[in-house]
Structure formats: structure tokens, C-alpha cells
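Chemist: Letter by letter, the chains look like this.
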Amino acid sequence: MQSNKLYSAIFAAGITLILACLMIGVKLDTEGTQLAVRGATAEQWTWIGLGVGLVFLSQLFSAQIDAFFGKLPKPQLGKLLPEERKRATLKPWLIAALIVGMIIWPFMVSRGSVDLATLTLIYIMLGLGLNIVVGLAGLLDLGFVAFYAVGAYTYALLSMYFGLSFWVCLPISAGLAALFGFILGFPVLRLRGDYLAIVTLGFGEIIRILLNNWTAVTNGPSGISGIAKPTLFGLEFTRRAKGEDAQTFHDFMGISYSSSYKVIFLYLIAVLLVCVVVYVINRLMRMPIGRAWEALREDEIACRSLGLNRTAIKLSAFTIGASTAGFAGAFFSARQGFISPESFIFIESAIILAIVVLGGMGSQVGVILAAIVMTILPELAREFAEYRMLMFGLLMVIMMRWRPEGLVPMKRPHLELKQ
Amino acid sequence: MSQLLLDVQGLTMRFGGLVAVNKVDLKVKNRQIVSIIGPNGAGKTTVFNCLSGFYIPTEGSVMFNGRELAGLKDFQISRKGLVRTFQHVRLFSKMTVIENMLVAQHRHLNTNLLSGLFKTSSYRRLQQEAMDRAAYWLKEVDLLEFANREAGNLAYGQQRRLEIARCMVTQPELLLLDEPAAGLNPNETKELDELIVKLRDEHEISVLLIEHDMGLVMGISDHIYVIAQGTPLADGTAEEIKNNPDVIKAYLGEE
Ligand SMILES: Nc1ncnc2c1ncn2[C@@H]1O[C@H](COP(=O)(O)OP(=O)(O)O)[C@@H](O)[C@H]1O
Ligand SMILES: [Mg+2]
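Chains as they are written, first to last, in our numbering: chain A, 0 to 418; chain B, 3 to 257.
Incorrect hints may have been included.
Said to hold, decoys possible - Pairwise CB distance ranges (calculated):
#: 1; chain 1: B; residue 1: E131; chain 2: A; residue 2: V216; range: 44 to 52 Å
#: 2; chain 1: A; residue 1: G192; chain 2: B; residue 2: S124; range: 30 to 38 Å
#: 3; chain 1: A; residue 1: V99; chain 2: B; residue 2: L115; range: 26 to 34 Å
#: 4; chain 1: B; residue 1: E204; chain 2: A; residue 2: E415; range: 26 to 34 Å
#: 5; chain 1: B; residue 1: E131; chain 2: A; residue 2: V108; range: 25 to 33 Å
#: 6; chain 1: A; residue 1: V108; chain 2: B; residue 2: L115; range: 34 to 42 Å
#: 7; chain 1: A; residue 1: A95; chain 2: B; residue 2: L115; range: 24 to 32 Å
#: 8; chain 1: A; residue 1: S164; chain 2: B; residue 2: L115; range: 40 to 48 Å
#: 9; chain 1: A; residue 1: L178; chain 2: B; residue 2: V21; range: 45 to 53 Å
#: 10; chain 1: B; residue 1: R69; chain 2: A; residue 2: I300; range: 19 to 27 Å
#: 11; chain 1: A; residue 1: M388; chain 2: B; residue 2: I58; range: 22 to 30 Å
#: 12; chain 1: B; residue 1: E131; chain 2: A; residue 2: A95; range: 30 to 38 Å
#: 13; chain 1: B; residue 1: E242; chain 2: A; residue 2: I300; range: 58 to 66 Å
#: 14; chain 1: B; residue 1: E242; chain 2: A; residue 2: G192; range: 46 to 54 Å
Since the hints were made in silico from the structure, they are not lab data.
Idealized CB from N, CA, C, for every residue including glycine.
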């Protein structure tokens with residue numbers, strides 16, 4: 000037993016050493032026209048040594064570490080909430096207060112905070128969308144960013160080529176992303192979990208590479224800029240109206256121009272979109288389809304024996320999730336004003352997935368909390384920006400060890416039989 | 003008078019070199035309880051898997067209500083009115099009892115997303131009908147008081163009954179029960195016995211039953227098929243089977 004531990008610890012340390020040597024230990028540099036191999040500095044070698052030692056020890060004492068994590072108290076966030084009956088009466092008030100708060104808040108804080116909040120809301124939308132696929136339907140999708148990209152490019156291109164407005168393009172973007180989800184999902188949803196993960200991962204890359212190389216339409220790597228901002232019933236938020244008979248918001252209201260109106264307006268749109276998404280998903284979970292997703296996750300064989308068409312049910316989750324990403328994508332390109340394939344790399348998929356896992360697979364409140372944590376923390380810890388991915392990785396490992404069910408474990412609302 | 007509901011001919015299922023089911027014929031008429039008995043590993047569950055579309059039989063034809071079932075997927079067969087249970091209970095154990103009953107009625111509900119989002123009247127009516135049907139069947143199997151309980155927390159015998167109710171709510175014509183009495187105490191077995199008879203006599207469906215409890219089988223079966231090592235050994239009424247020398251030999255040989 001002990002020798003077994005020692006062996007696996009040596010093995011893990013060895014792997015770490017090899018990887019570290021390859022990635023940090025030697026560097027290729029160009030010297031004039033030639034390539035030169037350069038070794039790491041003494042300081043870097045010390046760090047590598049420390050890292051290898053750490054891996055060795057953590058493997059050797061993994062049992063003790065596990066025991067330590069097991070002993071850590073698990074906060075029962077669910078228990079903090081008042082009991083079920085009280086919650087039911089409190090809920091509408093709470094939601095109303097929350098919405099009012101979210102509407103008033105931007106007028107009291109800085110532009111930067113509002114902008115960050117808007118970004119957070121985009122991630123909340125994405126997290127909620129992927130949550131349908133991964134959390135509710137149990138399908139591991141590693142290429143979710145593809146649908147986000149489809150939505151974003153749909154609006155950018157329709158706006159650039161045909162001058163269509165944001166509000167017209169929003170449903171089109173969602174619909175097109177859903178169509179892509181449907182077309183991809185149809186053949187691949189028969190696949191088992193890990194294969195599905197690989198295919199979706201590949202699909203995410205295919206879309207990105209396509210956007211990169213289809214220069215004639217998408218402008219390739221240089222992306223699309225000057226994407227029109229959303230308007231409020233035709234009122235623009237620019238300093239001067241762009242269209243011929245267009246009017247600007249500040250002219251209409253008779254106030255002087257301020258760029259923060261636009262930021263706040265975008266934020267309010269994001270709030271509106273998130274509210275729509277939250278409402279729809281809330282309904283879905285109570286509808287037959289939401290029950291079918293859960294049933295399919297619990298026992299696929301029983302579902303088949305009861306006449307449930309599993310492909311159709313999974314496909315619906317995949318398609319609805321994709322359309323949410325398309326929704327978020329259209330808003331993203333409108334807010335950004337500029338998109339390029341660089342915005343839709345695999346890391347984005349990973350972050351969205353991390354939000355879902357962190358939040359607790361299926362729980363909406365959890366996903367919203369996790370999205371806030373995952374977008375605000377990196378901003379607060381700007382000086383550690385280089386270590387962002389490292390910190391995400393660490394966070395995931397700790398979560399899996401300590402609280403694999405996520406921050407707020409899912410509890411689907413149960414339908415009751417009244418007698 | 004009574005019509006042929008299920009007509010299986012020459013059903014054969016091979017797994018590589020192993021012949022699990024070998025040229026089995028089965029006939030089930032309307033409003034009949036038909037049993038399949040045989041030692042463990044005889045291929046009874048495999049027959050069920052072939053009938054319900056979980057396996058594609060190597061050979062043979064399965065006619066249900068005069069229509070060939072070959073080529074239909076498992077969920078399509080179940081929608082035609084041939085519904086099964088499993089040897090090991092397969093409930094959605096984290097869901098409540100009533101939700102188990104609603105999942106089974108998925109295709110009878112209004113699954114149009116928009117009607118669900120806006121709770122249209124058709125959505126609410128179908129939902130209410132499904133609730134009523136669920137409540138009716140829960141009452142029939144004596145589980146109504148547990149409707150809002152988590153299915154996994156029910157006692158074993160109750161889980162077995164819930165499984166049958168969950169099948170019945172799909173409105174089948176033929177119910178396939180795989181060892182429903184396994185693990186039940188004598189009292190629960192008696193209740194199961196009464197339930198199955200009631201399904202035939204009052205609800206006018208047919209039941210194809212796999213069971214080891216000979217008391218139960220002999221008491222309620224209209225017809226019995228005996229299978230040993232995948233091959234049909236005998237068939238007939240309870241009286242005929244009890245006195246069949248081959249069957250006696252097979253069973254005595256086993257024990
Ligand atoms: N999927 C399968 N692959 C290979 N062999 C199987 C499979 N399913 C059943 N069998 C074999 O078929 C035989 C009959 O099994 P089964 O139908 O479960 O018997 P019974 O239900 O009568 O006890 C057994 O020998 C079993 O090992
Ligand atoms: Mg069996």
C-alpha cells in the first residue's frame with residue numbers, strides 16, 4: 000500500500016518534471032536568422048524544483064489531504080434560506096426588490112462598474128444557457144462558444160451588410176444559433192458522454208477557424224468593427240445621429256450628451272435579456288420537457304421503455320441552450336462594437352463550463368453567483384492576470400474535492416398533487 | 003372470440019456463439035394473463051428485451067395487434083401499447099411519485115414550448131388530465147397518499163407497485179412484467195396477485211408475466227410457456243404444465 004503510494008508519487012513528480020522542463024526549462028529563441036536553444040535561469044529551476052517537490056508530497060500524502068478536505072465544514076447555503084412556505088410568499092417581493100435594485104444601481108456607481116456588470120450579465124446568460132445543456136440535460140458540451148460566435152457574427156454581419164437593427168437581429172441570432180445547435184446535435188447526440196465532448200470541442204474550433212479564414216465575408220482575423228449599437232425605439236445613443244431621419248436620445252430628451260447614457264442603456268438591455276432568460280428557464284424546468292431532461296439524466300432505459308424519444312429530448316436541450324448563447328452573442332457584438340474570432344476561443348467555452356460546474360450543475364442561482372465570481376474576481380486581481388488560468392484550475396480542483404455538487408446544488412421545483 | 007394481441011414466431015437471439023433464445027413462439031390473446039417460466043439464465047428477460055425493442059432479434063417475427071414490430075425503436079413500440087417493467091426496479095428515484103407518473107405521460111402532454119411558456123388553456127387542460135390519470139392509477143395501486151414523496155424513499159414493495167402504475171398510466175394494451183414478485187413478502191405478493199387479475203378483468207388489458215413464484219403463476223395464468231436454455235420446453239394451462247414430465251424433470255433437475 001505504502002510502496003504503491005510512493006511509486007505513484009514518484010511517477011507524478013517525474014511527469015511534472017518532464018513537462019516543466021519542456022515548457023519552462025528550455026526556450027527556443029531567434030538569434031538573427033538562427034534558432035538558439037536557451038536553458039532556464041537558476042531562479043526558474045528553483046521554482047521547477049519546488050513545484051516537483053510539491054507534486055511529490057501531495058501525491059504521497061493524498062489520503063491525509065483528502066481527509067482534511069472531508070473534515071472541512073460544508074456550508075449549507077440552502078439551509079440559510081427561510082423555509083419553503085415562507086419563501087413562497089417572500090419570493091415575489093424579493094424578485095421585485097432585486098429588479099428595482101438592478102435598475103437603480105447603475106445611476107449611482109461609476110461607468111467602469113456598470114460596464115463590468117454588463118459583462119457579468121453576458122456571462123450569466125451564457126452560463127444559464129450552458130446550464131440547460133450540461134446541468135439539466137446532462138450533455139457535456141465543450142464547444143458552447145461556437146453558438147455564441149454564431150449569434151455575435153449573425154448580428155455583426157446583418158448589421159454591416161443589410162443595416163438591420165439590433166432588435167430585429169436579436170431573434171434572428173438566437174434562431175440561427177439554435178439551427179446550428181440542431182444541425183450539430185442531430186447526428187452527435189447519439190454519442191456517449193466523452194465522444195460528445197470531443198465532437199463539440201471540435202465544432203467550437205471549426206467555427207472559429209471558419210470565421211478566421213472566410214475572409215471575404217467575415218473579414219478574417221481583423222474582425223468586424225463599427226457594429227451599430229442598439230437603439231431605444233429608434234433613438235440613438237451617439238453624440239450625433241447617424242441615420243438620415245434618426246434622432247439621438249439626448250436631443251429627444253432635451254438633455255446634454257453624456258457617454259454614460261449609452262453604458263447604462265446597454266446595461267439595462269442586458270438586465271432585460273437576463274430576466275427573459277431566467278424566466279424562460281424557470282418555466283422550462285416546470286414544464287414536461289424539464290421533467291423529461293431530469294428523467295433522462297436519472298434513467299435513460301426507463302425513459303425509453305415509457306415511450307420517451309431520447310434523441311428529440313436531448314436535441315431540445317441542445318437547441319435551447321444554443322439559442323441562449325446566440326442571444327448573448329448578438330448582445331455581445333452590439334456592446335463591444337467590434338468582434339473577431341479571437342473573442343471565441345476555447346478558453347471561453349472553458350470559462351462558461353467552469354461557471355456551470357462552480358455554480359452547481361442545474362441550479363440557476365448557483366450559476367448566477369458563479370458567473371459573478373468568475374468575472375469579478377479576475378478584475379479585482381488584475382495584478383495576477385497572468386495566473387488567471389492557473390487560478391481557475393486551482394479553483395476547479397478545490398471545488399471538485401470540497402464541494403463537487405457546486406455552490407448551490409440543484410433542486411428542481413417539484414410539482415405537487417393537491418388532494 | 004378473443005383476438006390474438008401478440009403473436010411471436012421463431013424468435014431467436016444470438017450473442018456471438020451463445021444462443022440465448024432459440025425459436026420461441028408466444029401467443030397472447032386479448033384480456034389474458036400469460037406467463038413465461040424457466041430457470042435462471044433461460045433467456046426470459048432476453049425475450050422481453052426483444053419484444054420491447056431493446057434488442058434487435060436475430061430471427062423471428064413479432065406481430066402486435068396484427069402489425070409487425072420489427073424495425074420499430076423501443077420508444078415507438080411502447081407508444082403502440084406494449085410496455086414493460088424491469089427485473090430490477092427502475093424508477094426516477096430522485097423525483098416524486100407523481101412526477102414519475104407525469105414523465106410516463108410525456109407524449110400525452112402539450113410539449114409545445116410556447117404553450118408551456120405562456121400556460122395556454124390547452125397546456126393546462128392536458129396537464130390537469132395527466133394529473134387526474136396519475137391520481138387515478140396511484141389510487142388503484144394504493145399509493146395516492148405518497149404522491150408527493152420522493153420515489154426512492156418508498157418501501158420496496160411500493161416501488162414495485164409504482165412501477166406498474168407508471169406503465170399503466172401510458173394506457174398500454176399489453177403489459178410485460180419481469181419478475182414483479184421478486185423480493186416481496188407473502189402479503190405483498192398476494193396484493194400483486196390481486197392487482198394483476200384486476201388489470202385483466204377490470205381494465206381489460208393483457209399481461210405477459212415472467213415469474214419464479216409458482217404459486218402466483220399457477221394461480222392467475224391463463225396460459226404458461228416454459229423455456230429452458232433458451233428453447234421452448236412446453237406450454238399449456240397451469241394444470242397441463244404441473245403434470246408435464248419434461249417440466250418436472252427440468253425443475254427437479256435444477257433443484
Ligand atoms: N447483452 C447480452 N450479451 C451477452 N449475453 C447476454 C446478454 N443478455 C443476456 N445474455 C445471456 O443470455 C442468457 C439469458 O439471460 P436472461 O435472458 O437474462 O435469462 P433469464 O431472464 O431467464 O434469467 C444468459 O446466459 C445471459 O448471460
Ligand atoms: Mg431475467
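Chemist: Given the hint of 45 to 53 Å, is the C-beta distance from L178 (chain A) to V21 (chain B) inside that range or not?
Modeler: Since L178 (chain A) and V21 (chain B) have Cβ atoms about 48 Å apart, the given range 45 to 53 Å holds.
Chemist: Do the Cβ positions of G192 (chain A) and S124 (chain B) conform to the proposed distance bound of 30 to 38 Å?
Modeler: 36 Å, holds
Chemist: Tell me if the beta carbons of E204 (chain B) and E415 (chain A) are separated by a distance inside 26 to 34 Å.
Modeler: 29 Å, holds
Chemist: Falls inside 22 to 30 Å, the C-beta gap from M388 (chain A) to I58 (chain B)?
Modeler: The hint (22 to 30 Å, Cβ to Cβ) is violated, given that M388 (chain A) and I58 (chain B) are roughly 47 Å apart.
Chemist: For the range 44 to 52 Å, tell me whether the beta carbons of E131 (chain B) and V216 (chain A) fit it or not.
Modeler: 51 Å, holds
Chemist: 40 to 48 Å was suggested as the range; check whether the CB atoms of S164 (chain A) and L115 (chain B) agree with it.
Modeler: 26 Å, violated
Chemist: Determine whether the Cβ-Cβ distance between E131 (chain B) and A95 (chain A) falls within the hinted range of 30 to 38 Å.
Modeler: 34 Å, holds
Chemist: Could you tell me whether the CB distance from E242 (chain B) to G192 (chain A) stays inside 46 to 54 Å?
Modeler: 51 Å, holds
Chemist: Between A95 (chain A) and L115 (chain B), does the C-beta distance stay in 24 to 32 Å?
Modeler: Given range 24 to 32 Å: holds, Cβ gap about 26 Å.
Chemist: Does 25 to 33 Å hold as the CB distance between E131 (chain B) and V108 (chain A), or does it fail?
Modeler: 51 Å, violated
Chemist: Indicate whether the distance between the beta carbons of E242 (chain B) and I300 (chain A) respects the range 58 to 66 Å.
Modeler: Violated, since E242 (chain B) and I300 (chain A) (Cβ atoms, about 36 Å apart) do not stay within the stated range.
Chemist: Taking the Cβ atom of V99 (chain A) and the Cβ atom of L115 (chain B), is their distance within the range 26 to 34 Å?
Modeler: Holds: the Cβ-Cβ distance is about 30 Å, inside 26 to 34 Å.
Consistency with the previously given hints fails for numbers 5, 8, 11, 13, ordered from lowest to highest.
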